[in-house]
Amino acid sequence: MTGGDNQLFRLSAGGLIDRKAALAFAFDGMTLHGHPGDTLASALIANGVRLVGRSFKYHRPRGIFSSGAEEPNALVELRTGARREPNTRATQVELYDGLVASSQNRWPSLSFDLMAINGLAGPLISAGFYYKTFMWPAAFWEKLYEPMIRRAAGLGRAAGVEDPDRYEKATHHCDVLVIGSGPAGLMAALTAGRAGARVLLVEQDFRLGGRLLDERETIDDASATVWVAAVEAELESLPDVRILRRTTLFGSYDQKAFVAVERVADHLPEPPPFLPRQRSWRIFSKQTLLTAGSIERPIVFGDNDRPGVMLAGAVRSYINRQAVKPGSRAVVFAGNDDAARTAADMAAAGILVAAIVDPRPESSSAMQVEAKAAGAELLAGSVVTRALGNKFGVQAVEIAGTTGARTIDCDLVAVSSGWNPTIHIASHLGNRPTWNPQLSAFVAQVMPEGMQAAGAAAGEFALAAALSSGTARGAEAADAVGFTARRTAIPRVLPEPSAATPLWRVRGTKGKAFVDLQHDVTVSDIVLAEREGFRAVEHLKRYTTLGMATDQGKTANVTGLALMAEITGSDISRVGTTTFRPPFTPVAIGALGGHARGKQFRPTRHSPTHRWAKANGAVFVEAGHWLRAQYFPQPGDDWLKAALREARAVRERVGFCDVSTLGKIDLQGPDAARFLDRLYANTISTLAVGKVRYGVMLREDGFVLDDGTVARLADTHWLVTTTTANAARVMQHMEFCAQVLWPDLDVCFSSVTDQWAQIAVAGPRSRDLLRGIVDPACDISDARLPYMGTLTVTICGGTPARLYRISFSGELAYELAVPARFGDALMTAIATAGKAFSALPYGTEALSMLRIEKGHAAGSEINGQTTARDLGLGRMVSTKKDFIGRMLAQRPALVDPARPALVGFKPVDRNERLSAGAHFIDVGAAPTTANDLGHMTSVTLSPVLGHWIGLGLLSRSRERIGQTVVAHDPVRGRSTKVEICDPVFHDPEGARLRG
Amino acid sequence: MADPSLQIQHAYGVPLPSRFGRQDGDPGVRVELHGALSICTIQPFRGRRAACAAALKNAIEFDLPAAGRSNRRGHNMVAWAGPGMFVAVFADPSFVERIREALGGNAAIVDQSDGKVLFRVSGRDARTLLEKGVTVDLHPRAFATGHAALTLLSHLSAQIIQSDDAPAYEIVLSRAFAADFWHWLEESAGEFGLALSGNGNSG
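Quick mapping for you: the protein sequence lines, in order, are chains Z and G.
Take the first sequence: its position 537, counted from the start at 1, is 1350 in the numbering used here, and no numbers get skipped.
Take the second sequence: its position 194, counted from the start at 1, is 548 in the numbering used here, and no numbers get skipped.
Note that these hints are calculated values from the structure, not bench results.
Just to be clear, a hint being listed does not mean it is correct.
[Unchecked claim] Restraint-style ranges between C-beta atoms, simulated for each label pair:
1) G:L506 to Z:G1243: 21 to 31 Å
2) G:L506 to Z:S1651: 39 to 49 Å
3) Z:G1610 to G:D446: 42 to 52 Å
4) G:G458 to Z:D1292: 51 to 61 Å
[Unchecked claim] Now the stretches of chain Z that chain G is said to cover, found in silico as 3 or more residues with beta-carbon under 8 Å:
5) 971 to 983
6) 1408 to 1414
7) 1454 to 1468
Backbone N, C-alpha and C fix where the C-beta goes; we use that ideal spot for every residue, glycine too.
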């Protein structure tokens, strides 16, 4: 960046900035300079930039209004490209060298904005405008109104491309959480920390001190910043005190849980290597002190949104903290003595104070003294009615009152109507704030358990009160968690005048009088809402959008409520407040997601043969959390060609497939057999040792939960398998049964899914292949290991393994299980031994083809809505014992003969393709829901038959075998005549299984 | 389980020993991944806990730990692993069989030598690192040497045991999650510098 350092509005001395270092930054393409310690807002002020944005609805020119999180106007797009971040508050953006920001919500440029015509059309877009105008016709909403509104309105633009930065999440536990590091927070943290409590001090700013950084206070006869530095150093020295700077605690939740976001690298052009941009913190605290300070309230008057109208406390902050002048000639408009110091600070900074306008008839002695010292005219009993000026800001104010009407030239109007305690965090759990008439503010009278407020957040605005309440609450918090806190001496401070009378708005003004600057809600919008019956605060909010958008009405809500009270002639305490919800300030979704994005959105489980499959060119598919080999393509293959080749290898020769991902549960104990009988719909206890049985389990409601095999390894030792997708669900179900339903049964179980690599070897040559793997001493003949048997064996020269003779493909087939460490090696060994038989590995696609040919139900059929009977497993269901789901499976609807049940389908024209999801209707019937007879669940091109086949659930299917129905697929636009057939397409006698 | 022909492959997705993250200075986090450990779960049958405890003491001189605790000698340990469940981790591969012989009939013993992986996490930033993964309070006033917890690490089920006062921790999780654990570790420990060692790394 080029361009000279031209900070005309920087004071020659003072401020918490490093004048020796210059930081270059760009705003709307202009190169400007600031210093470390600046925010973007203070640096813009230093360079005389007054116009920083356009308003949301009317596109009115806006300037910097505040100096903190409450900023409604100065929202900018920070950074460029993939790192562009809209709606960042210039008042909170810490300046860094190379910062690039641009104004938003303007077109084509900030100073010449075509959309500002909306301001002239003002009456058309008053409160409720969208609701009234865009109701009819409905089709216009999507096509016309919404795109138009989206273009016209909206705040900044999202980057639109993937965020290149990392985010992470962390957890912190503490005894005492202190939210905010102003005078009350520092005393609280120090008192609790000295007592030995684990203290977490959270500060949203990059510097500790809160308002002490913004004012010219003295503590113990020295500048308050000296005291802050000493406290900070002591806190840093305490081993169990932790300070999180640049961290906004944005939400309070049940069980004393809080969430905060730490801007780890937002103050840098990009995050340094190995650091995240932001880190979200889950915080669990036993005691919490809300020392979040307060937010100043403006006064509403005509054209009060012009650049140069600024909160009085913000004016002091810019002068004192960053040594910049927000203007040259000022008017102070405030009804509280706190504003007297504004005049004093401005005068000290060389700003000419033209007048102090005090609505109080008599003003106060403090104001008189300060006005005199500042050389300002004190206009008591007066108000500012309107700000005059152009798009670059205010040039004069019109004043009315006991001293008569006049116009005073100025480029800065410092306004204050008192302060609102920042009680959002105390209200997130649903506690409604209470109106305190002495303070003229809402306070958190009913606090969440374990939380106390101190300092300005508790309405204790004076420094002495903040220091003393921080000490007291800090000590109480430490005591409450078992420490003995010493009540340390309160530091010495000077007395402050504090008289105040809030003035919410000036009546009878010309021009728009803004209540909510960010959402362009004016006094007349609130009047209109009341007139149209939207008087309840929640209705007022939604009708006018008061308090919505990124600032959530931090400078607007209370004023809006006061106005509604005034208009309806009720008391503000009865009007109440809208609901406070997290987050306190906007939070990037990335910070909440942490590492869990992209592939890391959920866990991925890798099977013990993953490496082998990857090396052999597998295409993977997600099955539950697992990655499974879907098929092994050769050059030029699509999935279908590859899967057909693999399935044919199984039918004709032999294939092998990783089935390690199926759930495996080891079950032991004297009552294991009884447990399994109750768990499964079929009888398990009669199974002999060394045998395997297919089992089906139901949910309590009678529908099928899962299916799998049960092997009896020893008298009281069983191994249960589940489907890949349902493994966790079945384990959970078993835990529930064991712990809640049958705590009397002595049974232990644990998942052994990860312990074993299990490979299916299937096809007529499978036994021949296995003879090359299993050690010769182990007999695996049909006599020794018949269908549905299991044996322990050794393989490849001594590795212990377990061999199951089970088949999902309908062929002679085995599953061989070895400890997971040998999974990859076993795949290699099988591939090597299989060469002689032209064996092929197969994936889940071929697996599916083979099971459809055999009519086996899988995930598409066991879909949570089918009964054992629906799936053709009705005869397995025992009538001799009780089991989960038995009673409810007998409900009339579940045994209705018209229920769709599993059956097979072939296209009448064998060249036609079938599609899963197609609905069955009678030939000639209209494709309507009333004529729906069921649907096709699974289809495949049959490797054996050479044409498409399908499984489906069809009403009265068994009676209709041989008939023809239409499979209607409106999604793909196909209507296919299909012949209803037995679901077993291949080897219905099962001769091949037993070969 | 020595085997002449089948080669051992460790859990997928953990690289070979190396230095990761920031390269300057001492690594703040040291992580060792040990393969070939002997790991099993012990679940005493109803009313057999005392018998199991006595048999275990007799066979390998270990007590069954209380809930949330572990007992240790060097790298050998028996830790609480949930209601009615303990996990034993031993360097000697014969231990699962020794435990099975000692407790046979009194408890379900399930070999998990291949089902679980164990990472030893130490170094000056070990606790700070784990703050980014687990929500368990690991401050010494809340979690000390010998303590054991079942929790989520990032989004993975894990068991965490503090093995010494340094502090060092052992993290036991399912083998199939090793690659995801490594992803979390590399992302989270980079700022401290990470030294990865051990003999269970797969590359």
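These are the hints, each one checked on the structure:
Taking the beta carbon of each, G:L506 and Z:G1243 are about 28 Å apart, inside 21 to 31 Å as hinted. In this structure, G:L506 and Z:S1651 meet the distance hint of 39 to 49 Å, their C-beta atoms being roughly 47 Å apart. Our hint of 42 to 52 Å for Z:G1610 and G:D446 is violated, since their Cβ atoms are close to 23 Å apart. Taking the beta carbon of each, G:G458 and Z:D1292 are about 55 Å apart, inside 51 to 61 Å as hinted.
Look at the region 971 to 983 of chain Z against chain G: 4 of its residues bring a Cβ nearer than 8 Å to a Cβ of that chain, three or more, so the hint holds. Against chain G, the region 1408 to 1414 of chain Z contributes 3 residues with a C-beta closer than 8 Å to a partner C-beta. That satisfies the three-residue criterion, and the hint holds. Using a Cβ-Cβ cut-off of 8 Å, 0 residues of the region 1454 to 1468 of chain Z lie near chain G, which falls short of the minimum of three, so the contact claim is violated.
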